[in-house]
Amino acid sequence: MRCSSALPFQSHTWAGLPSPRARPGHCQLPPATLRRAWGERTALEVVWVCSLRPSSGVRKRLPHRLADGHTLGTRVESSRGVFGASSDHLVGDFGKGTGGVAGGGHRVVTGGALSDRQGQCGFPLRRATGRDLNSEALSCYCAPRTQSPVIAGAIRMGKSESQMDIVEKSTKPAKRRWSVTEIGLSVLLLLVSCALAGLIVLYTSALKERSSRSGTTRNAGVIEEPPYRSDSNAVCTTSGCVTAAARLLQNMDPAAEPCQNFYQYACGGWLDRHVIPETSFRYSVFDILRDELEIILKGVLETKNEQDREAFSKAKTLYNSCMNESLIEQRDSQPLIELIDAIGGWPVASDDWNGTAAKEWSLEDALATLNARFHKKVLLDMFVWTDDRDSSHHIIYIDQPGLGMPSRDYYFNDGNYKKVRDAYLQFMFSIVLMAREDSNLTGDVHRVWEEVVQVLQLETDIANATSPAEERQDVTLLYTKMTLSTMQNTFFLNGFNWTQFVRGVLSSVAIDVHPHEEVVVYGGPYLQRLGDVLAKYSTRTLQNYVTWHLITDRVSSLSRRFKEARSQYRKALYGTTVEEARWRDCVRYVQSSMENAVGALYVRETFAGESKRMVSDLISKIQEAYVETLEELSWMDTPSKEKAKEKVMAIREQIGYPDHILEKENLKLDLEYAHLNFSEEYYFENILQNLHAGAQKSLRKLRERVDPDLWIIGAAVVNAFYSPNRNQIVFPAGILQPPFFSKHQLQALNFGGIGMVIGHEITHGFDDNGRNFDKDGNMNNWWSPYSAEHFKDQSQCMVRQYGNFTWKLAGEQNVSGISTLGENIADNGGVRQAYKAYLKWVEREGEELLLPGLDLNHKQLFFLNFAQVWCGSYRPEYASQSIKTDSHSPLEYRVMGSLQNFDEFSEAFHCKKGTPMNPKVKCRVWVPGPVSLAADRWVSLGAPGPRLLRWFGSRVKETIVQVEWIEIHWWLARNSVWSALKGVAPYSVP
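For the sequence shown, counting from 1, position 725 maps to 725 in UniProt numbering; every step adds exactly one.
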């Protein structure tokens, strides 16, 4: 007989008690032991359960009628052999049941309460069968009656009628010998299981040790209230929690089904409550935060302070000149006419340009003037920036230019694009007529119209020569370094002198260049085609085009009638019908042109310095999560993983603002604007000063080394950035506010907000562009061919996924999965890494309190806040523009696409497989999971495919075939059994 040490009707085990002693027919425990275990009250009243599991040998020794399936009991209640018993020892009549133990079956037989004053608990089968049974035949369990409510309750119903269902298992009557293969696989499975068990033990020990260390650290200083909750229903009632809960509740649509459309669930309330202002083409959470920031800037720029440092005074003077509308109206077109004369005239607005001016005109000088004096790039985009292949030096870049309209699609497509094109032509025509009228030139309207149409045709040809965004995604293919003399031989451009052009630009900062000067050409295909375009047009048309592109940017700086001439074009382009409030335009202009001065004013007014430390801590946690994720990737080999981990940990961070802008004794801020002399009476001229200063600042860098500490953006900005050339992430003070971040809101919300943004920017270092740069910011191929190919394979899944999103607002156009790939990878990686970091934070610190009024746990709150960051809506006109020009997916699909790929989201909201938010096929790049391999590449790796499935049968979790793609779980691909089957050494297959 086997006497169990477990209580079948209790949730615990025999803690520290001796095992029951066995003798034939009985399980016995000393009375004192029973009393210690169950208490004096129940020590002598027990319930027992016996299992009869006879082997074939034992079965031969049982009475024939018992072996045939009869069941013991004083009374037989059913053919299944369930019986009740009196308080006396059982003496048996034999039942007449038809089920039972014959054939090796299993019967659980229960008896009533036994009053055995010796503490014996068992089934004296000898009295029932006339035989003693050994341990092969009987298993006995004991439990106190009061601790066994199910059985005790049944007994109280009547000893002779109590029943308990029998759980029955059948085994096969015949045994089959295992094959050598089965034995081998079983041994291997056992070894793998042991290894996993060992890893679990080590991991648990490490967690305990870390928890002990962290506990010691926390208790070493001031004792604080634990951040976790001991009561599962405890609610946070601080003002920060109440405010956050109210915001979340207002923004969401609880009637929506989260597994059908999580964006509607998270943002439905926000969309119902917010109407796009007549002045705006888009309205989102980001836009509201920017609007609120601008209100703060308005206040500080309008506040006079005699103690202001020089930089602040100049910023306020510039703002006041912008707000001086009466003087701007009084001056009307005068500044524009003077500007036209300064750049050599505007032929279409003149009657005598074909004379001397035309003979002295050269395209090289005209383009150089616009670049160096007005920071305007027309026909050619020449700029100075960090050398992609040497991040410590600057170099000249030559690229294709921007266009007059947002993208090349506006020049060729119909529908709304044609409406914009027509409005653009009319806008140009109106400005020309106004300039002619103000120069006392009238008449000849037909000729003016023809020239304007000719300018648009030239611009259309230029647009056609440019390469689409989808063809410019691989920076390694764009980058071509050559000398100016090589450029001259490679890109003739109808006789264009490259050295003359570059010298003309750089002479403004006293930098001389020679034909051997190295430049980087980004727009090679465009330059190859541009020569044919230039050969088609006269110098007059070229000058008309160049001048128009300078003037169109300055219309907003002129009197109201010029802006009214632009209104129809703006309406067609953006859908807006009302100009922005003047003060908003002025705040935005001053902020963009004097970022550090305005940033200092903003930080002094609102920013809490301790936020820098808290965000830095979040960055460290997400970096740690990222490194762990890299280690878990199945598609990346070890050498590439090591390089990737080095890059993650080498990322430099800039948080809030540069310290020097708040240091009164530090003159760096004032020196930045020392060359500017603004006047409150001359707003237009102040703008020209800023343009010239910006151009000079950029061009001077050519002979300077890269400053790694230089901030690439100002503090008063609601956004975040990653620089691949610096391997640097930047989080300005403007974004460190709710819903992204607050020291007063739950960490679930902070990780879902700014944590996601941090993860997003870090992931940019590993998207389709950032992955080409190493930890020092140099464009360097640190990937093995194996890992690079599989990165491309993984990425293609996202290209297809997002490319299948159809945006109704943009005229049923599909999102470009290629142009948005980098941002989509960053969105997916950002939310995943932030979530992983949050779970690790909970492991260390414990669960937080719940939010009032929200029946959501903290995992759900994380995803809710992540989604609500992207709440927003567009005008249809802007949607048509955004889908062609924005490298980001539309707001809705940034949420939907990221969460559809995230298993943990589906688990948090219990989304069934196959629902819209939990599709069967998911795309993963920087996350462990199933691996995507092109079918032909999979075969080339020697994967056994169907043969492997036959070998493993049910052990293979799933094989998903979609079009030409096969996804197989990573554990299968990495399993050494595969290698054993192939007869080769183990290797890592993604």
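No wet-lab data here; the hints were simulated from the structure. Hints may contain errors.
Listed below are the simulated DSS-like cross-link pairs for lysine-lysine, each with C-alpha atoms no more than 30 angstroms apart in a straight line [stated by the list, open to error]:
1. K643 / K668
2. K641 / K775
3. K641 / K376
4. K668 / K645
5. K419 / K612
6. K840 / K563
7. K701 / K621
8. K418 / K376
9. K359 / K376
10. K668 / K621
Taking CB as the label site, the calculated pair distances span [said to hold, decoys possible]:
11. P468 / A581: 17 to 23 angstroms
12. K840 / T243: 34 to 40 angstroms
13. L425 / E624: 18 to 24 angstroms
14. K304 / A535: 55 to 61 angstroms
15. D414 / S679: 25 to 31 angstroms
16. E704 / A535: 22 to 28 angstroms
17. D670 / P515: 38 to 44 angstroms
The model shown is predicted, which means the values in this text are computed figures rather than measured ones. Quick reminder that beta carbons are idealized off the backbone N, C-alpha and C, glycines included.
Here is what the structure says about each hint:
The straight-line distance between the Cα atoms of K643 and K668 is roughly 37 angstroms, outside the 30 angstroms bound, and the hint therefore fails. For the suggested pair K641 and K775, the alpha carbons sit about 13 angstroms apart, so the restraint of at most 30 angstroms is met. Simply put, K641 and K376 have alpha-carbon atoms about 43 angstroms apart, too far for the 30 angstroms limit, and the pair is violated. Between the alpha carbons of K668 and K645 the distance comes to roughly 36 angstroms, so the proposed pair goes past 30 angstroms and is violated.
For the hint linking K419 to K612, the alpha-carbon distance of about 48 angstroms lies beyond 30 angstroms, and the restraint is violated. Of the supplied pair hints, the one linking K840 and K563 is violated, its CA atoms being roughly 55 angstroms apart against a limit of 30 angstroms. As the CA atoms of K701 and K621 are separated by approximately 36 angstroms, the hinted pair breaks the 30 angstroms bound. At roughly 26 angstroms between alpha-carbon atoms, K418 and K376 fall within 30 angstroms of each other, so this suggested pair holds.
Taking the CA atoms of K359 and K376, the gap is about 24 angstroms. The hint holds against a cut of 30 angstroms. A C-alpha spacing of about 33 angstroms is found between K668 and K621, which places the hinted pair above 30 angstroms, so the restraint is violated. Restraint check, P468 to A581: a C-beta distance of roughly 37 angstroms breaks the suggested window 17 to 23 angstroms. Separated by about 27 angstroms at the C-beta atoms, K840 and T243 break the suggested range of 34 to 40 angstroms.
Between L425 and E624 the beta carbon distance is about 56 angstroms. The supplied range of 18 to 24 angstroms is therefore violated. Roughly 58 angstroms separates the CB atoms of K304 and A535, a value that falls within the hinted 55 to 61 angstroms. Taking 25 to 31 angstroms as the suggested C-beta distance range, the pair D414 and S679 does not conform, at roughly 48 angstroms. At roughly 38 angstroms, the beta-carbon separation of E704 and A535 lies outside the given 22 to 28 angstroms, and the hint is violated.
Range check, D670 to P515: about 40 angstroms between beta-carbon atoms, so the 38 to 44 angstroms window is met.
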